[in-house]
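Protein sequence lines, in the order shown, are assigned to chains A and B. If you're matching positions, the first sequence starts at 4 in the working numbering and goes up one per residue. If you're matching positions, the second sequence starts at 23 in the working numbering and goes up one per residue.
Since the hints were derived computationally from the structure, they do not count as laboratory data. The reader is advised that the hints may include incorrect statements.
[Stated by the list, open to error] Partner residues aside, some chain A positions facing chain B, computed with beta carbon under 7 Å:
#: 1; residue: 4
#: 2; residue: 9
#: 3; residue: 21
#: 4; residue: 126
Owing to the predicted nature of the structure, the values given are computational and were not obtained by experimental measurement. Think of the CB as a built atom: it goes at the ideal place given N, C-alpha and C, for glycine as much as any other residue.
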Amino acid sequence: MTGITLIVGFMIAVQFQTIKEPVVRDTRDTWELREDLINEKKLELQLINEIRSINAKLDEYENETSESKAEVLKDTLKELKQEAGLTEVTGNGIILKIASVNTEILLGEEPGEVTSELLQRLVNELNLYGAEEIAINDNRYVNTTVIREINNVLKMDGNPLNQLPIEIKVIAKDASTAEKLFNYMKVSKSADEFFVSNLLLNVEKPEKAITIPAYSKAVTIHNMEPANTNEGGDS
Amino acid sequence: MWLPIFGLIVGLVFGLLTDIKVPEEYANYLSIAVLAALDTLFGGIRAHLQNIFDEKVFVTGFFFNIVLAASLAFLGVHLGVDLYLAAIFAFGVRLFQNIAVIRSIILKKSNTNSPEKIEKS
């Protein structure tokens with residue numbers, strides 16, 4: 004009898020838990036729904052474009068003769084290098100300058116120092132608002148870049164950034180994105196945060212041709228290995 | 023008498039603590055199984071009070087009812103007929119009858135002033 008009641012209790016409890024799951028109500032209004040729809044459409048478009056380009060590449064691989072296969076491979080390599088930040092890039096963008104606040108305003112306070120957190124936040128914000136390529140003091144910022152303090156000296160991939168002013172070059176996708184990025188950065192939170200640390204973040208007007216150098220060091224990859232090439236060609 | 027209640031509480035606490043959830047599509051079966059279990063449980067209590075309680079009948083009835091109810095619901099889903107309603111109806115009616123009998127027995131006992139009877143389960 005006890006065993007049976009134990010089972011009954013257990014079943015009731017499980018049923019309770021199953022039913023208890025709250026129903027998440029959709030409380031978005033028309034405008035939010037429309038925005039979501041637009042976002043999804045954009046994503047769809049992007050995916051379709053990607054599929055198309057990949058399909059085109061696939062066709063190229065399949066149709067061309069062996070000589071031009073090397074060409075296609077080279078092209079792909081070039082593209083990938085570009086994506087990884089191993090090539091020099093020129094494009095529309097803005098330049099940010101981090102400088103110290105005027106000594107008159109400081110009133111005896113110490114001039115500010117750039118910390119890794121400030122810089123990381125700034126980079127995050129830039130990425131959020133449409134930056135494609137970033138270089139800090141002409142050091143290319145890539146996916147594996149680390150910004151941190153080593154012995155109290157701010158370093159980016161080992162290059163010291165302890166001298167003010169620091170110049171940050173940013174390239175956006177096109178002119179209008181650069182303009183947008185400029186407008187965002189003018190009112191960004193980062194500027195306030197820099198000012199709290201007695202630093203000034205100057206955002207310069209968008210320019211047509213900003214050149215960002217290639218990543219100068221070897222990219223170290225720990226967790227990736229080349230795929231097994233013996234079984235290639237399935238797809 | 024207290025051991026089954028203790029078992030019920032332990033089962034409840036155990037079920038609530040383990041945070042097990044049944045997938046949405048099987049929730050129906052579980053609800054019917056719970057209903058069948060409750061029906062059997064109250065039937066057992068009634069039989070106990072009427073002194074015709076048989077452990078074997080109770081245990082087999084418990085599992086058989088649960089399996090029958092669940093399979094009826096399953097069959098209903100596949101036939102497109104809401105057969106689980108039949109189970110709900112049958113168990114619901116039985117549940118009410120059993121509880122009514124239990125109530126009347128308890129009332130009778132309290133009227134004859136012999137509510138305390140030591141019984142083993």
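Closer than 7 Å between Cβ atoms is the bar; does residue 126 (chain A) clear it against chain B? Give me holds or violated.
40 Å, violated
Can you verify the interface hint for residue 9 (chain A): is its Cβ closer than 7 Å to any Cβ in chain B?
Nearest chain B Cβ about 4 Å off; hint holds.
Using 7 Å as the Cβ threshold, decide whether residue 4 (chain A) counts as touching chain B.
Check passed: Cβ of residue 4 (chain A) comes within 5 Å of chain B, closer than 7 Å.
Going by Cβ atoms only, is residue 21 (chain A) closer than 7 Å to chain B?
5 Å, holds
Hint 4 from the list above is the single one not met by this structure.
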